[in-house]
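Residue numbers (this note's numbering), protein chains in the order written: chain A, 4 to 121; chain B, -12 to 99.
I should point out that these hints are in silico values taken from the structure, not numbers from a laboratory.
All C-beta atoms in this analysis are idealised placements derived from N, C-alpha and C, irrespective of residue type, glycine included.
Incorrect hints may appear among the rest.
[Stated by the list, open to error] In silico EDC-like pairs for lysine to aspartate or glutamate, Cα to Cα no more than 20 Å straight-line: (1) 39/B x 109/A; (2) 81/A x 109/A; (3) 39/B x 53/B; (4) 27/A x 17/A; (5) -10/B x 47/A; (6) 39/B x 18/B.
[Said to hold, decoys possible] Computed spacing ranges between beta-carbons, pair by pair: (7) 17/A x 40/B: 51 to 59 Å; (8) 11/A x 8/B: 35 to 43 Å; (9) 38/B x 30/A: 26 to 34 Å.
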Amino acid sequence: DAGVIQSPRHEVTEMGQEVTLRCKPISGHNSLFWYRQTMMRGLELLIYFNNNVPIDDSGMPEDRFSAKMPNASFSTLKIQPSEPRDSAVYFCASTFRSPGERGTGELFFGEGSRLTVL
Amino acid sequence: DAKTTQPPSMDCAEGRAANLPCNHSTISGNEYVYWYRQIHSQGPQYIIHGLKNNETNEMASLIITEDRKSSTLILPHATLRDTAVYYCIVRVEKTGANNLFFGTGTRLTVIP
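If we strip away everything but chain B, and leave its shape as in the complex, we get (with noise of 0.2 Å):
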């Protein structure tokens, strides 16, 4: 099953780009790499998915190293609303099931 690290915490200040890195060096080619976040006392909220090409919508961007055994997840003007749990997540598909396996994620914080 592949892996994902992520730091445990980190501060952004208000209106600054937050960038947030995961490793997944163990990740195997036709696997997606998932974001999610969860606000306090909240569901996970889905952010951004992407396979190989950097990814952007209307929450975020996701760049992902051209070997694939990294990526970043990039929210460009952060928000005190933003201050979340954020896990990155690569897929691991089983017998047919297709699980999301979530680790401990980043607990990023924003600050006024």
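Isolated chain A (complex conformation) (with noise of 0.2 Å):
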């Protein structure tokens, strides 16, 4: 089975750009999770989605950043305009929750993709 996918593995950009971090859920999963990972802060949660919605976001750093899942097979987090300060390994993972299922349960997580901003 395929798992979570994320693309690009690794993007080195300039400060300014725009950068876009793409991700593919494991098939049949309905929760999916951004996260940030950087040696000074760990990992961190940016949001999290169920069923295609935005739940929780009070991770997102700032309005540079968005995310949207236009459907359960497709995300996308992205950065506009980027600074080096976001510079991180980005984690998507998917899990599937059942409704009133108390739990995380397992995350499946993707292999990161890492930003360097210039």
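Build the complex from these two chains, which are given one at a time in their own frames, with help from the hints.
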């Protein structure tokens, strides 16, 4: 089975440019998470979707960050304009949640997108 | 929010059991304890989770104390491939969301 697929795996861009990261969750999963990982702050949850609807975006750093999930099989995380401090590894994860089910269960993570903003 | 405390690093001899402790003294009665690990340059990988009872799967065992204020992840026969950062997480439920907040974890090094 294909796992969570993220692209690009590596991105190097210049400050001010727009960056779009993509994620294809595991087929059948209805919850999708975007995390960011840096040496200083570790793994941080940015946003969480359930059934394509953003549930909690309190972790999104600022208005430069936006995330969409137009359908169950695709999500994007966009940074516009990008800044050097956005350099990090961005992870997408997915899982299946039953209505009313407590707990997060097992999150399946992608391999991550390593972003470097010069 | 329930917080977790883990030692920053541990070593374990190959073939021996690795026992990774975690303190979560502020855990609520209905909060689960999750363990994930992250091997270098890869995404985090789920290991196991539990609520009250001890749990075991093909990867590890999870021992939760009776008062639920601490837990131990046990890798029964550590291999070099188990070298990774291990995260102990207490799920926080917030306004209907189900989030996992990762701390700094324990860097386990399995020594040949």
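The hints, checked one at a time:
| no. | hint | verdict |
| --- | --- | --- |
| 1 | 39/B x 109/A | holds (18 Å) |
| 2 | 81/A x 109/A | violated (26 Å) |
| 3 | 39/B x 53/B | holds (7 Å) |
| 4 | 27/A x 17/A | violated (26 Å) |
| 5 | -10/B x 47/A | holds (14 Å) |
| 6 | 39/B x 18/B | holds (9 Å) |
| 7 | 17/A x 40/B: 51 to 59 Å | holds (53 Å) |
| 8 | 11/A x 8/B: 35 to 43 Å | holds (38 Å) |
| 9 | 38/B x 30/A: 26 to 34 Å | holds (29 Å) |
This entry does not satisfy hints 2 and 4, going by the numbered hints stated previously.
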